[in-house]
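Keeping their order, the protein sequence lines are chains U, R, G, S, E and W.
Residue numbers for the first sequence follow our numbering, beginning at 1 and rising by one.
Residue numbers for the second sequence follow our numbering, beginning at 1 and rising by one.
Residue numbers for the third sequence follow our numbering, beginning at 1 and rising by one.
Residue numbers for the fourth sequence follow our numbering, beginning at 1 and rising by one.
Residue numbers for the fifth sequence follow our numbering, beginning at 1 and rising by one.
Residue numbers for the sixth sequence follow our numbering, beginning at 1 and rising by one.
Derived from the structure by calculation, the hints contain no laboratory data.
In this list, chains with the same sequence are indistinguishable; a pair is considered to hold if it fits within one copy or across any two.
Capping the alpha-carbon separation at 20 Å, the derived lysine to any residue pairs in SDA-like fashion look like this: (1) K219 with R165; (2) K231 with A42; (3) K2 with K219; (4) K230 with G150; (5) K231 with S151; (6) K231 with Q12.
The model shown is predicted, which means the values in this text are computed figures rather than measured ones.
6 protein chains.
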Amino acid sequence: MKLLIINPNISQSVTDLIEAEARRVAAADTLIEMATARSGVAYIETRFEALLGAHAAATLAGERVGHYDAVLIAAFGDPGLPALKEALEVPVVGMTEASLMTAAQLGQRISIIAISRRITAWYRECVDQCGLLGRLATIRHLDAALRDPGSVQADHAARLLELSRLAVEQDGADVLILAGAPLAGLARTLAGQLPVPVVDGVSSGVCQAQVLVRLNAGKALQGSFARPPKKPHAGLADGLAALLQRDA
Amino acid sequence: MKLLIINPNISQSVTDLIEAEARRVAAADTLIEMATARSGVAYIETRFEALLGAHAAATLAGERVGHYDAVLIAAFGDPGLPALKEALEVPVVGMTEASLMTAAQLGQRISIIAISRRITAWYRECVDQCGLLGRLATIRHLDAALRDPGSVQADHAARLLELSRLAVEQDGADVLILAGAPLAGLARTLAGQLPVPVVDGVSSGVCQAQVLVRLNAGKALQGSFARPPKKPHAGLADGLAALLQRDA
Amino acid sequence: MKLLIINPNISQSVTDLIEAEARRVAAADTLIEMATARSGVAYIETRFEALLGAHAAATLAGERVGHYDAVLIAAFGDPGLPALKEALEVPVVGMTEASLMTAAQLGQRISIIAISRRITAWYRECVDQCGLLGRLATIRHLDAALRDPGSVQADHAARLLELSRLAVEQDGADVLILAGAPLAGLARTLAGQLPVPVVDGVSSGVCQAQVLVRLNAGKALQGSFARPPKKPHAGLADGLAALLQRDA
Amino acid sequence: MKLLIINPNISQSVTDLIEAEARRVAAADTLIEMATARSGVAYIETRFEALLGAHAAATLAGERVGHYDAVLIAAFGDPGLPALKEALEVPVVGMTEASLMTAAQLGQRISIIAISRRITAWYRECVDQCGLLGRLATIRHLDAALRDPGSVQADHAARLLELSRLAVEQDGADVLILAGAPLAGLARTLAGQLPVPVVDGVSSGVCQAQVLVRLNAGKALQGSFARPPKKPHAGLADGLAALLQRDA
Amino acid sequence: MKLLIINPNISQSVTDLIEAEARRVAAADTLIEMATARSGVAYIETRFEALLGAHAAATLAGERVGHYDAVLIAAFGDPGLPALKEALEVPVVGMTEASLMTAAQLGQRISIIAISRRITAWYRECVDQCGLLGRLATIRHLDAALRDPGSVQADHAARLLELSRLAVEQDGADVLILAGAPLAGLARTLAGQLPVPVVDGVSSGVCQAQVLVRLNAGKALQGSFARPPKKPHAGLADGLAALLQRDA
Amino acid sequence: MKLLIINPNISQSVTDLIEAEARRVAAADTLIEMATARSGVAYIETRFEALLGAHAAATLAGERVGHYDAVLIAAFGDPGLPALKEALEVPVVGMTEASLMTAAQLGQRISIIAISRRITAWYRECVDQCGLLGRLATIRHLDAALRDPGSVQADHAARLLELSRLAVEQDGADVLILAGAPLAGLARTLAGQLPVPVVDGVSSGVCQAQVLVRLNAGKALQGSFARPPKKPHAGLADGLAALLQRDA
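If we strip away everything but chain U, and leave its shape as in the complex, we get (with noise of 0.2 Å):
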């Protein structure tokens, strides 16, 4: 299977963090091919910036359309998913949907690890978009600033994992999302110095995919997930108007 992982942040080191670890999950026949947002912020925090990287995201996954079996969105929060589940005919796989829907099944209720304090309310409603409000025990998030998305790892290991034991021993947390894509492999580093299951993002977002596509259950041709309707448009960048010209 082809998989397009689309970073909607227009940082090239994130870029280079999510590809790493999405090769090292892979399975052998599983083809990456990345993408980097063109327009946007360097690291998305807030719901605005969302609607940037949703652009972004969705552009890039019409210019290429027809070239992959699934897509990943390679951003906590998941900027533009619900959106790409209607216009393309493969699965789209958001990094928060795929770290929750993973998590869920190996512990009851779940605590996210965050990179900052504004991300955080945010997303709080994405896990309540998903279904799963009732299963989050708590986001906890580093509080300093950050000198650079593509360091966050190797600048706060120390709190990072202070914050996930804390969640642990202080919230009932049965199992641990390390959210968002510059934290993507720590859960690989912090294996054995947790004592409770640590979900990534890309790993899961990877995997995820890889099952939607193995398990071929069909494009939804019907209901809300179908592709939009046929209509006039106007002024859309050529990989958008794309995704609304073809055929159903």
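Dock chains R, G, S, E and W against chain U, hints included.
For chains R, G, S, E and W alone, coordinates are given in the frame of chain U:
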């Protein structure tokens, strides 16, 4: 006060409908300025189309920043609403949110009358994101193909009235929302023909925007609705970049 | 429009506070008439006291029926609100409901600042009955004995400000409600000192009543907010009997 | 134990029905005293009528304070229940709450059979306030005008049986509640004719009151069900004033 | 009535505690028969141990079928409760369910005091399955190793009292449940020392079983609590097979 | 990896169905070992039968402990799933949980197609325990007596297809789950005949087990999914005792 009303659809006929109803209900000292999306689709019914509308609406809001006291996103589903609440210093109101918060003061259980089947699943998610799913009785909808979003009211008047009555008699609705900009003004037309209060989205939006400006409650400087933090960005239209470059 | 504002407490000093703030915010063509409960307690903090206040408020509303275009129940907790929505032909607004529906448009998660510990459990139930418990961050409260409901603001200004800041910084509130008629006007006083929007109950109530009158959405003739059906009754004060004896 | 049973309706015929069923189910050492509201309506079906019934019930409970070991509010909807739990030292039980908590031990999903359409929206709110909305299957109801609350059972026996069966077969109810004092005793009459357990409100109320007295769990001295704090009051009937003037 | 009380733990010392409290509270005409699990663990704290306890309890109930009018599963967490409600013709009561439904009539928000940290996550799930999670304030717990489930009360009296007070003062509990058979009778011991009503699991269970027998509401013949349909089975202990082989 | 698939029913014909579908979907390097319950019933449809199946499944898992890398509980309703997650060091997957978490990535609202009416109430509770009740559209079911669980697909093909279509057209399902081991493989058979994605329980279970093994997230050493603490036990079958006696 100056109120910028943004139609996130590209249909001028719908903008005209919105403007007529907005001017009818607005206070004498409310100056209304209309803006129509330059990119997107004729009528938003899906999550993908809402992504396009959100981007177009944010671009328009950014281009005119500083020239209005409040913004009304004049499409049901409120494309871009939470993002713009972060990015702008002034109140931003959405037709769905405003009509739900208005209707919630007129009765306990709310039904929504929509103009297509396709749109209903997404509307339900919007009500959920407003936190009011527990007060939603039903969403009923037209089930015929629409000739033109500008003439839905005239083309389907009898059926819209019937759907409204069924929502009251069979679903237990205490109050109705006629949803979608193409139904702007219909609540006024149906006055006296329905057994429960009926709320219009455009009118609710204009009135609630006036309330928020009058109350002058202040812009968030902290928390998840503060302005997005300054950071590197790229590839954005001028209007969008304008919203990121200013000092908080 | 003529707006009847009912203080369900017997305290004239609180009525004066309410009136001052109401006149400050009301539109030029809104005529305000105040009424103070003739029976009940000095300041409602409990469910039992709310039962007394509801009865007193309904009696006042019934005595003056036909002489106003809308009613504002001007105590947090909205004593008698759903009952009066049934019994009256005109819109009835409550301070809690109006401030919640206003605040819900200014941020996602709402904290309430209350004037006593005792009152908080009941306030939480009120938020739940509005259907917005999912959007409540916390209710924080003063914990000192109150000299006089009319001087709470002056006596406890610094602590009220601190509670507000804690709600933002520790509880993740995006918007605050200063709850209870004794805090009427405090939001205005604190303008500029708090990092998120602050909503005042009286001002919200007056503005939302104006919205409902302007929208002229109609009185329920069917469903659970229609007038109560005519049936035998006995032993009621004139104001209450007046609400049962009229033709629907 | 002495059990005061208050009918918040003014109908002596309903009081008689309640008394008959209560005496049939009560333990040998339970002394029952009946009280009928002196003010209010013949049969409570609306939130406004419940406000009247709550006031009348509280007045009766206050007049006889000290002369009973528990109170049963014998109208579905439990007018005044939370208020009286605060104000009295002894357990206060409501027909809705008692029958819900009883039914919840007999099956997972509960349907309620009600005597009018009008009453159902308010009943649903009562179930919600008990926190058991998630266990409510449906509320089904008679839809004919009622001659007399005292003869509903005889007049509509066949339809009540049919509604009960529909709740089981179509709505998935595991257990039924026959709601409203006018249906007191019907569960006994229908014994053997229904395919699931059926719960009677009056019987549940008497039995649960006996449980609470037997357990002797104590009166709240702190928290939201402690006695209301002493404070100035005015204009109250003697029974109500009595509840405010005692030492905690 | 004959009440079979099953201790799903293998500890005779806990059975003795349960029996003493049960006999203290039972009505004069309630005949109590005790049964202790022959297989399982000394004290159930986990979902796996509850699986063992459920099987042991069902076996005991099946062996004695026909010789009791009601069953009380006398371990918090109610192992096997919904299964036995299906399989038996008589009411089956659980300590968790009975104490929750009792406590819910004494206050709005409930806190549970538990005897180990490990047990709390599972207890929370039990409250959720009862549908009352919305009324749970907190679960507080001892955090020391337990010498013997039979002496927990004596060993940790002061800490249990402190936890109870914290639940009221910091968590807003209106009513407390002392959870787990090892705490049977402690509510009586603490009478007068706590500021809110305290509910005992064994006492609640006995009293609620008496209520259900007295109400004689009938066994489900349809729906999800009817007897399981007859079908091939194999390899079951006699007690379990007995529950499957009888005619419905 | 070695995957132990446990059929908690005693029907070898169903085990064969499961095995065929599991081998079809499994990765080349997944070694599948089947186990059929030695005790219990032919087909689990009730909570009581699930208690039997949970015990049988746990016994089998315990007997073979150390000889597999993951376990799949291959009956809808997931008998014993949370208990085995505690007791085993390796991932344990259930058909319900795995298909829900898979389906949740393919659409927002999920409908389940079940093979009997009796089973639906219990399935609904399973969805609730997974925390996804908010995403459940409906559970539709066959309503005829079943000849043989092994031939349900062949006997009722047309009706199963019709139920699936109704779930999409009338209930708003975006994705379907064909529930119960007897329907294993039907999703593949129906491919192309349904307008939305269809998820198979066995296939989802195998694929999700592969994901969890691949991610290697670790076993809980603390919290509610750690191994049960060592303590006295008695009377357990060897397989069950084996799960309690090992060092954590």
